[in-house]
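Protein chains in written order, with the numbering used here: chain A, -5 to 107; chain B, -9 to 133.
If you're looking for bench data, these hints aren't it; they were derived computationally from the structure.
A portion of the hints provided could be inaccurate.
Result set (SDA-like, lysine to any residue): computed pairs, CA atoms no more than 20 Å apart in a straight line [said to hold, decoys possible]: (1) B/LYS107 - A/LEU71; (2) B/LYS8 - A/ARG36; (3) B/LYS8 - A/GLU81; (4) B/LYS8 - A/SER3; (5) B/LYS106 - A/ASP30; (6) B/LYS107 - A/SER55; (7) B/LYS4 - A/ARG36; (8) B/LYS63 - B/SER27; (9) B/LYS8 - B/ALA59; (10) B/LYS4 - A/SER25; (11) B/LYS106 - A/ARG36; (12) B/LYS107 - A/GLU80; (13) B/LYS8 - A/VAL46; (14) B/LYS4 - A/HIS47.
Derived list of chain B stretches under chain A, where covered just means 3 residues or more per stretch with a C-beta under 8 Å from a C-beta of chain A [claimed, not checked]: (15) 26 to 37; (16) 109 to 120.
Pair by pair, the computed Cβ-Cβ distance ranges are [what the hints assert, rightly or not]: (17) B/MET69 - A/GLU7: 39 to 47 Å; (18) A/CYS106 - B/SER(-5): 22 to 30 Å; (19) B/LYS4 - A/GLY97: 37 to 45 Å; (20) B/SER118 - A/SER89: 26 to 34 Å; (21) B/LYS107 - A/GLY18: 39 to 47 Å; (22) A/LEU102 - B/LEU78: 37 to 45 Å; (23) B/GLU93 - A/SER89: 16 to 24 Å; (24) B/THR11 - A/GLY18: 36 to 44 Å; (25) B/MET80 - A/CYS106: 21 to 29 Å; (26) B/VAL49 - A/SER3: 27 to 35 Å.
For every residue, glycine included, the Cβ atom is placed at its ideal position computed from N, Cα and C.
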Amino acid sequence: MILQQLVDSLSLEVLTEGADLMRGVSGGYVSDMISDVIGNAREGQVWITFQVHLNIVAAASLKGLSAIIMVNNRRPLPETLQRASEENVVIMTTSLPAFDLVGLLYDLGLRCR
Amino acid sequence: MTSSSEGTFFLTGKDFVKAGTASGSLKRVLEDMGVPSAVVRRAAIAAFEAEMNTIIYAVAGIMHYYVTAEMIKVVIQDMGQGIENIELAMTEGYSTAPDYIREMGFGSGMGLPNIKKNVDKFMLSSVSGEGTTLEFIINLEKT
Ligand SMILES: Nc1ncnc2c1ncn2[C@@H]1O[C@H](COP(=O)(O)OP(=O)(O)OP(=O)(O)O)[C@@H](O)[C@H]1O
Ligand SMILES: [Mg+2]
């Protein structure tokens, strides 16, 4: 699975300019805590979160995550988007709440472990 | 891999815009030296968690790195409140982070355990009311 397929199937809104949507997706992880993601998410996963703060970019980059997907129409702070572009971190958003988004991702075959 | 390298970054308490840039710079230094990417990741994760702790809990600090053919050594030393009970601080889930820090996604009490998991040698010492020193070493296999 690649990011483009997720964007097409779930009508996700891609927020980072020039995002590489050919990137593979190995699974997903849900958390609003940075150190939890650092400790438990796996490379290539999409990270579903309510967090919009700048520090999510560093965490996604450190772990080599495929993309950050914000739920409930949350939007990153301007500085978060800028840092994300610099570090090649893809950020998307959806109007869905986390529960529904994760259900749909699961239906598409994504798993955490 | 190029021979050896050494450097220092300055950390400012509560500066959440600059937060993560010291460990980010260290990551690039290691990449440029040709350190294997899995090792770079471990070092960058440990450095990030330590950097964030200094920014969240201390007034100011420094991150010093020292890389040789055998190892990566990083020392993060700060001036601040210090840690009263190190064993408690190392317990997964223990956190004294105030609400505004939790709102930014910190305070799960997993930072120090994350550091320990990613390094080969870990030392944490503190004088309550004065500051904290965290040192870690990651061994580089000789090839
Ligand atoms: N440099 C430091 N100075 C003072 N206290 C610290 C320092 N580093 C850690 N602590 C104390 O140890 C506790 C545990 O630290 P740890 O990094 O494991 O978790 P956290 O920072 O609270 O949350 P997380 O890292 O998961 O975001 C902190 O809540 C804090 O009380
Ligand atoms: Mg921490």
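Consistency of the hints with the structure:
1. B/LYS107 - A/LEU71: violated (31 Å)
2. B/LYS8 - A/ARG36: violated (26 Å)
3. B/LYS8 - A/GLU81: Holds. B/LYS8 to A/GLU81 sits at ~14 Å (cutoff 20 Å).
4. B/LYS8 - A/SER3: Violated, at about 37 Å.
5. B/LYS106 - A/ASP30: holds (14 Å)
6. B/LYS107 - A/SER55: Status holds; Cα separation ~19 Å.
7. B/LYS4 - A/ARG36: violated (29 Å)
8. B/LYS63 - B/SER27: holds (17 Å)
9. B/LYS8 - B/ALA59: violated (30 Å)
10. B/LYS4 - A/SER25: With Cα atoms ~23 Å apart, B/LYS4 and A/SER25 exceed 20 Å; violated.
11. B/LYS106 - A/ARG36: Within the cut-off at roughly 18 Å; holds.
12. B/LYS107 - A/GLU80: Violated: B/LYS107 and A/GLU80 sit about 28 Å apart, past 20 Å.
13. B/LYS8 - A/VAL46: Distance of about 16 Å is within 20 Å: holds.
14. B/LYS4 - A/HIS47: holds (14 Å)
15. 26 to 37: holds (count 3)
16. 109 to 120: With 0 residues in contact (Cβ-Cβ under 8 Å with chain A), the coverage given for the stretch 109 to 120 of chain B is violated.
17. B/MET69 - A/GLU7: 39 to 47 Å: With Cβ atoms ~44 Å apart, the hint holds.
18. A/CYS106 - B/SER(-5): 22 to 30 Å: Violated - the Cβ-Cβ distance for A/CYS106 and B/SER(-5), about 37 Å, lies outside 22 to 30 Å.
19. B/LYS4 - A/GLY97: 37 to 45 Å: holds (39 Å)
20. B/SER118 - A/SER89: 26 to 34 Å: Given a distance of about 48 Å, which is not inside 26 to 34 Å, the answer is violated.
21. B/LYS107 - A/GLY18: 39 to 47 Å: Taking Cβ atoms as reference, B/LYS107 and A/GLY18 lie about 25 Å apart, which means the hint is violated.
22. A/LEU102 - B/LEU78: 37 to 45 Å: holds (43 Å)
23. B/GLU93 - A/SER89: 16 to 24 Å: holds (22 Å)
24. B/THR11 - A/GLY18: 36 to 44 Å: violated (28 Å)
25. B/MET80 - A/CYS106: 21 to 29 Å: holds (26 Å)
26. B/VAL49 - A/SER3: 27 to 35 Å: violated (49 Å)
When the structure is compared with the earlier hints, violations turn up for hints 1, 2, 4, 7, 9, 10, 12, 16, 18, 20, 21, 24 and 26 and for no others.
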